[in-house]
Amino acid sequence: ADPASELVRHFLIEPTPKGVRLRGCSNEPVFGTLAALVYQHSITPLALPCKLVLPES
1 ADPASELVRH FLIEPTPKGV RLRGCSNEPV FGTLAALVYQ HSITPLALPC KLVLPES
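Sequential numbering from 1 applies to the sequence shown in UniProt numbering.
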């Protein structure tokens, strides 16, 4: 299947000695916490196909 035509894509988050990162994405930095990874990807997509959208509450 063509990845561009998929409605949902899954990205694995892996632990590292210094924090967490997206598995298989060498251009991704290591984030100190999962919250930091989620927050940064809500600002810029980096290796993701789009920015994350956080619920407002």
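Quick caveat, the hints were computed from the structure, so don't treat them as lab data.
One or more hints might be untrue.
As the list claims (entries may be wrong) - Only pairs whose alpha carbons sit at most 25 Å apart, straight line, appear in this in silico DMTMM-like list of lysine to aspartate or glutamate:
#, residue 1, residue 2
1, Lys51, Glu14
2, Lys51, Glu28
3, Lys18, Glu28
Stated by the list, open to error - Label-pair distances were calculated between CB atoms; the ranges are:
#, residue 1, residue 2, range
4, Lys51, Arg23, 18 to 28 Å
5, Pro17, Ser57, 18 to 28 Å
6, Ser26, Glu56, 25 to 35 Å
7, Ser26, Ser57, 13 to 23 Å
8, Phe11, Gly32, 11 to 21 Å
9, Ser26, Lys51, 31 to 41 Å
10, Pro17, Glu56, 30 to 40 Å
11, Thr16, Leu48, 17 to 27 Å
Backbone N, C-alpha and C define an ideal beta-carbon position, used for all residues, glycine too.
Query raised in the report: So which of those numbered hints doesn't the model satisfy?
Result: 5, 7, 9
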